[in-house]
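So the protein sequences, as listed, match chains X and B.
Sequential numbering from 1 applies to the first sequence in our numbering.
Sequential numbering from 297 applies to the second sequence in our numbering.
For the record, the hints were derived by calculation from the structure and aren't laboratory data.
Label pairs and their calculated CB-CB ranges:
{"no.": "1", "chain 1": "X", "residue 1": "Gly126", "chain 2": "B", "residue 2": "Asp565", "range": "45 to 51 Å"}
{"no.": "2", "chain 1": "B", "residue 1": "Gln397", "chain 2": "X", "residue 2": "Val91", "range": "39 to 45 Å"}
{"no.": "3", "chain 1": "X", "residue 1": "Tyr43", "chain 2": "B", "residue 2": "Pro376", "range": "54 to 60 Å"}
{"no.": "4", "chain 1": "X", "residue 1": "Ala130", "chain 2": "B", "residue 2": "Ser454", "range": "42 to 48 Å"}
{"no.": "5", "chain 1": "X", "residue 1": "Pro211", "chain 2": "B", "residue 2": "Gln585", "range": "45 to 51 Å"}
Note that the Cβ used here is the ideal one computed from N, Cα and C, for glycine as well.
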Amino acid sequence: MKHTGSTLALVVNAICLCAPVGQAHGQQLVSDLNAYNIQVDYYAPRDPSLQPLYQRLKNRKVLEELGQFLAPLKWPKTLRLLAKQCPDSGVPRPEVFYNPTEYSVTVCYQLFTKSLEPAANTTQVGGANAGFAIPREVLVGGLVGTVLHEAARAAFDMLQVPVLGSDEDAADQFAGLVALQFGNDVAETVIKGTYVLWSQYEYELRQNDVPYNFASASGVAQQRAYNILCIAYGGRPATFKQFVDKGLLPASRAGDCANEYRQAANAFDQTIKPRVDSAMMHKLLTMTWITPDDLK
Amino acid sequence: MKYFLLGAITASAITYSIATVVPAVAQTTTPQPSLAPNPQIEIAYVKPANPALTSIYAALQQRKVLETLQLFLAPLKLPPDRKLVVKFDQCGGTTGIPYKQRGPVTICYEYVAQIQQLAPKTAVTLVQGSVTPETAIVGPVVQAVLQQVAIGVFDSLSLPVWGRVDDAADRLSAFVMLQFGPDIAWNTIVGTAWFMSGNATAAPDLSSVAGAVAQRYYTTLCIAYGGEVRGAKVTAAGADFRNFVQSAQNSAAGDLPQSRAQSCPDEYDTIKQAFDSLILPYVDRMLLQKVQATKWVSFGG
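Generate coordinates for the entire structure from the input sequences, incorporating the hints supplied.
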């Protein structure tokens, strides 16, 4: 699907005009990501219609900003954060993936055009998610949530973390858990954005009559939507009770979400926290990253 | 799951009683004398109030299923202040009771009844191998016990569990079933898959943390196939987990899609690594060798 330059500008501006995720209102956690084993690269797209997006992401240092979130983890090898145009087929949805051979997390430009933008549109007046989230929450939150998911897979791999369950489920838990360590503004943005992304994907599958792929190593989109809501509600019930009240998270699941959150938090404490620079993490959590004004 | 469903339709899926399965779980070669019941594993067969479940209760007791489990778990060393209670019980019409912190582990008679109901009356020959009545009953009963005990062990050892607990327990139980030679591997895995494929007819509740039965089916086969690729001794003549992988070249192949199959060796590695790093430290290696050398179940023809 071709996108007009103005549409892409809206997408990138929404990300850019919100609080610089990594610069947090003028602050910066680390000045040189390479010193923390994080390397960033932007690859020019072949498709001319993606050029403006590429340029804006690069000029605005979006990957560098995402890297700030990941800096407190003591990466034993260099984690590459890449932005590039991916092939039209054979790429997972959402269009972000971890490559264990290269230790890289790739953000496809198509993530913005094929996933984030359509999902954000559902929050417009009359859309399926109108009143639940605003477009910028979906654009920013969805981006951060999906990158955190793939970063989790990178962490599990590089740190040789023992994972008893599915690493896809585990990565979803990790992303939700990390988001919940921040204040409500960041937490709500990431949780809502990720949820809407999965809801939109589920909607597309139903519209196209695509049967559920239960053979997949990851859960189906609807399951993943429920999983992120459950982690959120379990970790911060007062803030996310809205999901239960709105019927988005069934009571039959909600009842045990606190236990699910505790389970994930215990796993994080035992397997990831020892590999985190706690002073840096504390600083990261106390910085102001996203405010409601940024998302207006 | 088309091949298992085809088998379920063509075979007479008339109730096949666990009481008539020969040899049953506990009718085994006598375990070596140095294996003693794990004193930290307490067991119980709770008499059901529902008379329809009485025969199952009696058969499980007669077969000493839980006593065998105590011997099987002899190598497991829980923290000194912990015991794990494992029981068969009536569950009020449901087939599963969620595990609560500190237990007990409960396997429902209703679940065993469901297994019986879906077992074929006579052996069913599939393109991948055969499914006998024993396989179709003993396999999923073994899997259910191991899966529920795994959840209890996660809690007892306060293990870090990434992912959904039920799924983690499924993966661990599949991994364990692969560690006792081709006969046990084939029959327990295929029996479990048979039951799950027959049990996956209702629309799943996608909001449930347990996941869909169909997902459990594919994960079980995936771990088995992945183990085979990684060199686990899990196959014998006429019983090859590679035949469960979809293949354009092999029309006899089953329905584990290539898109999933390619990740299965890594998924096996993942659960093996997790077992080695999280559980093995709590296992007495000498007793483990004895357990692995014991023929726990013999699947007759």
